[in-house]
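Protein chains in written order, with the numbering used here: chain S, 1 to 654; chain D, 655 to 1308; chain F, 1309 to 1962.
The set of hints was computed from the structure by calculation and includes no laboratory data.
Since we're looking at a predicted model, the values are computed, not measured.
Just so it is clear, CB atoms sit at the ideal spot from N, CA and C, and this is done for glycine as well.
Errors might be hidden in some of the hints.
Straight-line C-alpha distance at most 20 angstroms; calculated DMTMM-like pairs for lysine to aspartate or glutamate [said to hold, decoys possible]:
id	chain 1	residue 1	chain 2	residue 2
1	F	K1350	S	D269
2	F	K1350	S	D191
3	D	K1168	S	D269
Facing chain F, according to a computed beta carbon distance under 10 angstroms, are these residues of chain D, among others [as the list claims (entries may be wrong)]:
id	residue
4	P699
5	T747
6	A748
7	S957
8	P967
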Amino acid sequence: MIQYGGDYNPEQWPEEVWAEDAELMREAGVTMVTVGVFSWAKLQPGPDTWDFGWLDRLLDLLADHSIAVDLATATASPPAWLVRAEPEILPVTADGVRLEFGSRQHYCPSSPAYRTAALRLVRKLAERYGDHRALALWHIHNEYGDHVTACFCPRSAAHFRQWLKDRYRTLEGLNHAWGTAFWSQHYSSFDEIEPPRTAPGPVNPTQVLDWRRFCSYALLRLHRGERSTLRELSPGIPATTNFMSMMESLDYWEWAEHEDIVSDDAYPDPADPRAHIGAALNYDLMRSLKGGKPWLLLEQAPSAVSWRPVNTPKPPGLQRLWSLQALARGADGIMYFQWRQSRAGAEKFHSAMLPHRGTESRGWRETVRFGAELARLAEVAGGRITARVAIVLDWESWWALEGTDHPSARMRWRDLLRPWYEALYARGVTVDFVPPSADPSPYRVLLAPNLYLLREEDAERIAGFVRDGGRLVCGPFSGVVDAHDQLHDGGAPGPLREVLGLVVDEFWPIPDGKRVGVGADAEATLWSEWLVPEGAVTLDSYTSGVLAGLPAVTRHSYGRGSARYVGCHLGAGIGRVLDGALSEAGVRPVLGQPAPDGVEAVLRGRHLFLLNHTGEEVDSPSFPGHDLLTGTETGLRVRLGPRGAAVVRLPPKS
Amino acid sequence: MIQYGGDYNPEQWPEEVWAEDAELMREAGVTMVTVGVFSWAKLQPGPDTWDFGWLDRLLDLLADHSIAVDLATATASPPAWLVRAEPEILPVTADGVRLEFGSRQHYCPSSPAYRTAALRLVRKLAERYGDHRALALWHIHNEYGDHVTACFCPRSAAHFRQWLKDRYRTLEGLNHAWGTAFWSQHYSSFDEIEPPRTAPGPVNPTQVLDWRRFCSYALLRLHRGERSTLRELSPGIPATTNFMSMMESLDYWEWAEHEDIVSDDAYPDPADPRAHIGAALNYDLMRSLKGGKPWLLLEQAPSAVSWRPVNTPKPPGLQRLWSLQALARGADGIMYFQWRQSRAGAEKFHSAMLPHRGTESRGWRETVRFGAELARLAEVAGGRITARVAIVLDWESWWALEGTDHPSARMRWRDLLRPWYEALYARGVTVDFVPPSADPSPYRVLLAPNLYLLREEDAERIAGFVRDGGRLVCGPFSGVVDAHDQLHDGGAPGPLREVLGLVVDEFWPIPDGKRVGVGADAEATLWSEWLVPEGAVTLDSYTSGVLAGLPAVTRHSYGRGSARYVGCHLGAGIGRVLDGALSEAGVRPVLGQPAPDGVEAVLRGRHLFLLNHTGEEVDSPSFPGHDLLTGTETGLRVRLGPRGAAVVRLPPKS
Amino acid sequence: MIQYGGDYNPEQWPEEVWAEDAELMREAGVTMVTVGVFSWAKLQPGPDTWDFGWLDRLLDLLADHSIAVDLATATASPPAWLVRAEPEILPVTADGVRLEFGSRQHYCPSSPAYRTAALRLVRKLAERYGDHRALALWHIHNEYGDHVTACFCPRSAAHFRQWLKDRYRTLEGLNHAWGTAFWSQHYSSFDEIEPPRTAPGPVNPTQVLDWRRFCSYALLRLHRGERSTLRELSPGIPATTNFMSMMESLDYWEWAEHEDIVSDDAYPDPADPRAHIGAALNYDLMRSLKGGKPWLLLEQAPSAVSWRPVNTPKPPGLQRLWSLQALARGADGIMYFQWRQSRAGAEKFHSAMLPHRGTESRGWRETVRFGAELARLAEVAGGRITARVAIVLDWESWWALEGTDHPSARMRWRDLLRPWYEALYARGVTVDFVPPSADPSPYRVLLAPNLYLLREEDAERIAGFVRDGGRLVCGPFSGVVDAHDQLHDGGAPGPLREVLGLVVDEFWPIPDGKRVGVGADAEATLWSEWLVPEGAVTLDSYTSGVLAGLPAVTRHSYGRGSARYVGCHLGAGIGRVLDGALSEAGVRPVLGQPAPDGVEAVLRGRHLFLLNHTGEEVDSPSFPGHDLLTGTETGLRVRLGPRGAAVVRLPPKS
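Turn these sequences into a full structure, and let the hints guide you.
As structure tokens, then:
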């Protein structure tokens, strides 16, 4: 079964509306709703006052209508009375400004008062509803790391110091790791250390990197506290917290270990004609976080959001198409923020399944229509996706990469990754993400668009992969520093020097707006490097600029495999480099041939998804089978309407 | 009589200069000067020390030269000794930064210490000068809301809480109005409420709206305190405070009730070739604030200002032309900042009637020449202007419109209003402004470029106007929320649904830089809407984009009148829509025909003003009469020199 | 001898690396290294703990390798233990944010605790190493004014008040100087005065100007404290502090009086094709600061820096060329930041003489090659440069010029100066800088691109220079205010009115992006003035805009000399005006003719430097002599390779 539903905030409406809601949910085919995300103030009106009656009635009502509940622990926004009683709950910026109540998610991750109160609330909820017949899923907290990623208050500082003590054991260890001999930064006591608050100039980069590690940890520690309370009091009920796609501040590899099921809040921008490619990327990540296990699209917008400067709605058919895309890439549930559009507050202009205009609205008609359609796709649930190509994603490296005082401040992980992903997407090649510590042997091709920070042991694993016959393509500015953001001996690519068969003499970032020719027809922007081959052969050279004639892209045969290095940022030009590696590895598109422009083809289990992201009718290659959407048999080609789709059940392999 | 003069700051000069000033004022035809705006430190050198001698001498000197005095209460900039004794007078930003002494207007509007000291000073001044022979007008404070619109200190917070208690009586009322069920924002005590300081994310929009109401109120309360002291101690002398044109932060409709005469500080930018249109708009507002009563242009620059990044001077003739424009639109006085250019301080490069170069300067010659000319226009004073068209302006709606998390952050009141006003200006159609609570029956056409926030009772008044035969043109994103910034039932246009004969299905803001075709030749930017007519007929449809074929501009016959709705931002294209309404209502240009390009024609009382805003000679239609500037009789055409003007006294109506 | 070397930070490396360093330094021809700039934490691990052993060993090692030491006093970055013991050492921003430890140069210039600790350290160092055989130079502190130019804490405020008392003696004096009659800013006690912290609007400009004077003074006071300790305990050893080229916040004229030798940190941007012209300008300033005495280039980057958004490396040959340029313009030492590239910290990507890649790298090869070459240029050391043209540079005027609320915020000293300098550079005319208080009689031509603030006595000196036959060219917006930033009587050009033979009626700044025609083919941007000649004759008039037909450039014969005035910003058009003055004064290019495009010709002592800044081979005029670089005799022409150079020893004048 594929879950269908959305966030439901009944506290915003009088109880007489609830019955209507339940009826309309049934009409729309809703199977599950998320309840209670922002209900703390209503559940606990005072320090020792609890009000569960309304929630009892609501859960019963939903159960009576056969609607399952994803029950939130409601901890993300502590009530006013608590914040006033314990002012240290409010988070503090790097400039020392204590952020005020009045918005949401206003808590210091390291505040003991907050933690105590939050866990007390979770315990109450779990005790009361842990075995409620409506309960299908626990929704822990909400969007960890949104708005407030870090708090710089004294309590956070103390927590940071404790974390550093646990990490380094000795001051010597910390001083060495942070390189405090530089700029007279030696610490003679852990007590002298503070968070990287605003300082006269750039702060010690390893301190900043450790701070980012700590911030992800401090939030994860909160999450684990809630998780273990639920596991104790509500055994057997799975729990999730809603991730925020490829978010920078949290190391989702670590987080995902504590999820029973991964869920995502995804808000691609309908004004961006390439938004669906970014969505595919994020969905591939969600699927990868627990090794291919199906995940939930827990929040998306039925139409426009309200937090962009200009919020473009989704034209007719787009929410259906984008929902099918999530399904294609491994989701087992399609849910929305939110069920009924708010009348007040900061999200009242955020679209909803049931818009302001009510059941007369276009939005409502699309809600009902898609609910019915989704029911016909139930058999897709649980299907797995197979990828032969993996992209290495490392949050620590990401954080370190985007530190200050680098050769170029333009080297941003997502910008570096995107053209690599787009090239694979355009070729119809399915891809997983893996952490650098993963065993890459299930894959034929390993891609590392950037691995600025690289541990020796991870480099060795990658080298072993190549030695054993794998194909590696490595992007620029990789293998530069170790886990302490300290340069590897001999410079980049550090521990990848042997497998890549080259050394970097000097980084040559390219100024904004400038381009350098590469090979026959490609161009580099942002970055180039002065490479010195040590065994690698040159595939493409620079054709202009100071580096003209020097190697830009190389290939090194190593063991039974090969390793390509791309010493510059090639943009779309990366495609040709990837083609070489894919071809060596025998990796082919889903359809065995390129899909037409704008058509996305994904094979999930035995279902072929064909998604037409254009506004025109398209005739696409396919495989013969049964289209679940139309209920018709299809042949070697399928006609897709504008923003149309097919979900073809392929016959069992003979 | 038309007042002529400027701000006079004698404390910046040794007394021997005063006599020269008085002589030169007479030479220039000065009739009134504003004195004492920044004299607090000089009038009260210490807590219990007062120095009035210098002001006694100055007022006598001016009286002896027959120069009237607009005496300032001097309260806008408290002296250093007071600020140091009562540090809480200094205002605090949303980030918690207490702003320092050293500039001006450094006071917390809710500071009791400030209020007490200010009212004590006003009392002293009123007691001493309340019946001085030179005194013609009281100048309360200075430019309320300039620099500091809001203070976020604890005293302001307490004041805000008190204001909220008065407004809502009960916590239930406040919680409901603010929609605190959203995001767990419920308050269980008024003491838990704070100003909308910097918070993790967007702050509750109704809280922000109430804060803006409160900030306007807190300043008005100060103003009313001063006003009532003056009324008690200086009865019969009118009082004003200098408004700042169409300023966002103060609800001038409320403020104007407490003015004996409205006055304005107007600083159109000479570098902007369309600045005179914005000036006309502001002057029409000033005239409208007290129902058409003449007003004073209390400050303008003789040439350049000093607070823009680049301060363009006025070329020869421009200060005369722009002064005549103010006269044309209802001013009974033309005054400047300032009389004698300062030698020191932050405004020393602001132009003055008597520039640094002295009586040799071009500026001085223009000062003298225009003073003489103005004397010939005395009969214009008191004349009224008749408008058949009114624009609805509502500060509360403006504040709510520009809140955060809207479908588009680009919908700014002044940007929405401007093309409507420009279209009327270009057609030579005179317009008044009215609050939404006004009786619109004196007008034939009512224009509402935007009424995002709209109370039921105001909507009913507007509907009644149409029912009784009026013509309404309503702009997009209107009738959206009620006074609590909560959505009207059924969505926009809420209580205007019946009179407009349509409902909005969904808002479709247009991304930056994009355009959508409308009708034969118009284009929408910024905004469009998916409209569903319920009786309205389509005048123009969208011709491109997702909404192509759907109605963009509609007309609904309602009662004896009609209501047009413009569901998008049309820019200059609004003109054709207005033409339809004006034509139905039989509203015609001042001259009965369009004026030549760049010529502004305004009828004030029995005087026709013809103002040539171009740098070329223009031959303009006119009515036969007597040109007060040249002293000649004119016919059906008048030749206007570059930046030239005519003020034609028309013969009495026969 | 020409010093060659760089910053050496041995504390970042284990001692076993030091021996290798010393050997490699010898290989590279290094003669001197700067040691200890950031060693405070290592030298003084606790309040009463000192560790000099490592430095003893290092200095002995260097001495044994005949490498001289520029020993830093290490005071720029106080250690963590000190900052935690005395938190008031940390500086505070204008918004009240106390900046955190973790970066560098984190000290309040007025902190007694900092000063005491710093001087104690200097005393210890001077006592121990004041006569060490390796010691050649004391390096006081580091880059004063970098990162933190001003601290706004209470201690700084008290210090500022004391400085004001010393300056003005009486409150009356201060009130008059600051013009506190304006905006009610009168002070009745020095205790009421604070630094110009963030205020509601613009702060009193004279207060800001005095604050800038004070900030330069407060840092200089620290410097003088260290200087006098060294002079006492290490007599005979010269001391320097590394200046930061033409830096805005410190009045280097005052500072240079306390230097035994001027030294500079110069970081021209290799991505800027005109960077070498800015470098020449700064080097001319360094030479001028002590009246032509040779100076040291104490820091430059061997290749890329790391603190720009994008850090472009130097292509092969560029570091050599730019180093020779410094030599040509008076440097007696070429040093770098830093010797060995760091593995950790915020500058690990800053290039070094010995890069990460080690002795295999291109960078190292250039280091060695240039060291050898420099040894062949030893005879250049000590040579002097003769200029017939001087540019007046006044830091106080610069500070005042860039105050707020001026006719145009675009008038920035460096932007005004640059085209004047570029015109001279293009013509091969050597120039000195002089303070306004200097005796200009050694020069034939005096240039004042801007003298917004001008004291009567300095104006009189300039007038005397012209009267005695000198040629003056004065740029716009000059002679405007006195030392208190108060307008001169009668307006600009104030005390220059007689010598220039004109008066300014009004400033006419030109809006961004606009241009006004001047004379036959020039154009003004940014600025123009309405000039009224009083004896001056017009050289060029405006040809467009409001001022068309009015004088733009004038010349006034005065005494035996002449004074030109340029009432606008002419950009490259200034060249023709300067030509007139140079020609009257008989000033000719170094080569007697213009050098080819991109070739810089400088005569230092008896050595002619020819520097080819282009990437192409160039054939340049020269004088016959002996090229020290090639060891060959040269004739009337020299062929220079791309980025090539010649250093021609001319025969003794016969």
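For each hint, the structure was consulted:
For the suggested pair K1350/F and D269/S, the alpha carbons sit about 53 angstroms apart, so the restraint of at most 20 angstroms is broken. A threshold of 20 angstroms between alpha carbons decides the hint, and for K1350/F with D191/S the separation of about 18 angstroms falls inside it, so the pair holds. Taking the CA atoms of K1168/D and D269/S, the gap is about 16 angstroms. The hint holds against a cut of 20 angstroms. Annotation: P699/D was flagged as interfacial toward chain F, and the flag holds, the nearest CB pair being 6 angstroms apart, inside 10 angstroms.
Of the supplied interface hints, the one on T747/D holds, with its beta-carbon coming within about 8 angstroms of a beta-carbon of chain F, less than 10 angstroms. Below 10 angstroms, beta-carbon pairs count as interface contacts, and A748/D has none with chain F, the closest being about 12 angstroms; its hint is therefore violated. With its C-beta approaching chain F no nearer than about 7 angstroms, S957/D sits inside the 10 angstroms limit, and its interface hint holds. Interface hint at P967/D: satisfied, since its Cβ lies 6 angstroms from the closest Cβ of chain F, which is below the 10 angstroms cut-off.
Taken one by one, the earlier hints fail for this structure at numbers 1 and 6, listed in ascending order.
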